[in-house]
Amino acid sequence: MKTFFCKPKIFSGPDALNQLSQLCAGSVLLVTDRFFADNGVAARIAALMPGAKLTVFSDVTPDPSVELVAKGAAVFQNCKPDAVIALGGGSPMDCAKAILYLQEEKPLFVAIPTTSGSGSEMTAFSIVTHDGVKKPLVDESLRPDWALLDESLLQKLPKNLVADTGMDLIAHCLEALAGTNASAFTDALAEGAFRVCFSNLHASYTGDVSVRGQIHEAASMAGLAFDHAGLGVLHALAHALGGRFHLSHGRLCAILCTAVLEFNAPVCQGKFVRLARAAGISGATDHMAFRNLISALSRLRSSLEMPGSLQQAGISPRELRAASDAIASAALRDPCLDTAPRKPSLDELKAILQQVK
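Under my numbering, the first residue of the sequence shown carries the number 380, and numbering increases by one thereafter.
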């Protein structure tokens with residue numbers, strides 16, 4: 380038996396932030412980074428809740444550490460909020476969730492994503508870094524209660540952030556389709572999100588802000604899909620590589636995605652063929668459609684000016700060779716492999732690393 384749980388409640392559109400005026404809370408903790416604390420968005424949020432005492436925890440940095448989470452938890456205990464708002468990309472979401480993970484009583488949790496990729500506003504996942512290793516926390520209580528998808532926050536995204544988060548979104552769709560807990564519900568969400576992102580990501584990258592609201596919704600659809608279907612080898616390796624070399628998660632997803640698709644093909648090529656055809660990627664045979672999907676993803680990666688190998692991303696073959704055992708071992712321990720359609724050995728993970736070196 381498989382289950383599908385529809386949470387959070389989604390508010391979408393250019394005025395979605397206005398839903399905060401309906402928040403009944405005397406004390407609110409806003410978890411964000413310094414950029415949003417300083418650029419006026421935090422003040423805009425405060426103005427929508429004039430009756431609430433707002434505490435801002437703006438120390439979040441990329442790949443939040445256990446130590447950072449402990450600092451945020453101390454702020455939580457000091458202000459005792461009735462609601463927690465996470466504002467930003469994946470890192471503020473992860474940090475807010477980890478802070479809440481440590482609390483016995485969970486207040487209302489509101490997620491306001493400002494990038495379109497992590498899907499964290501929809502999921503029970505949080506990623507924290509400890510001793511140089513990214514460790515997923517997975518708990519049902521980490522799903523936000525509200526997700527506010529306000530496209531007005533997406534107008535000035537830098538190109539590299541559009542590319543990184545977009546390829547993370549693509550990776551979520553690919554892994555959700557193959558996840559061992561996939562269902563008709565998750566397949567429909569993953570395929571729909573992939574079509575939207577694949578068709579519009581390059582336009583967003585080149586400055587077309589009119590498509591960003593669609594991609595924003597697609598990121599949440601992909602998040603809902605993988606939250607239920609699971610992830611796999613791609614994310615396990617991306618977590619291990621990111622913890623070791625501190626490359627952006629989306630960039631690692633872009634580098635790994637085609638190699639992992641080929642690894643998974645023996646057990647789920649049919650799903651990828653269906654995805655290719657749904658996205659308008661044709662082929663005279665199923666094998667050709669699959670190969671054309673691989674080529675299309677490589678072309679998309681190039682059009683976003685992203686590296687196609689770890690060496691192009693700044694990791695030398697010597698560095699990778701020295702770390703490959705540790706990286707593969709860390710990936711083997713990653714909970715994402717619990718739902719991988721094809722369970723890899725240590726040597727198979729090292730072979731994938733060699734393929735993308």
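If you're looking for bench data, these hints aren't it; they were derived computationally from the structure. Be careful, since some hints might not be right.
As the list claims (entries may be wrong) - Straight-line alpha carbon distances no greater than 30 Å define the calculated BS3-like cross-link-like pairs of lysine-lysine that follow:
(1) Lys432 - Lys450
(2) Lys381 - Lys514
(3) Lys722 - Lys432
Stated by the list, open to error - Pairwise CB distance ranges (calculated):
(4) Pro441 - Arg697: 34 to 44 Å
(5) Gly687 - Gly511: 24 to 34 Å
(6) Pro645 - Val454: 16 to 26 Å
Cβ atoms here follow ideal geometry from the backbone N, Cα and C, with glycine treated the same way.
**Asked** Failing hints, ascending?
**Response** 3, 4, 6
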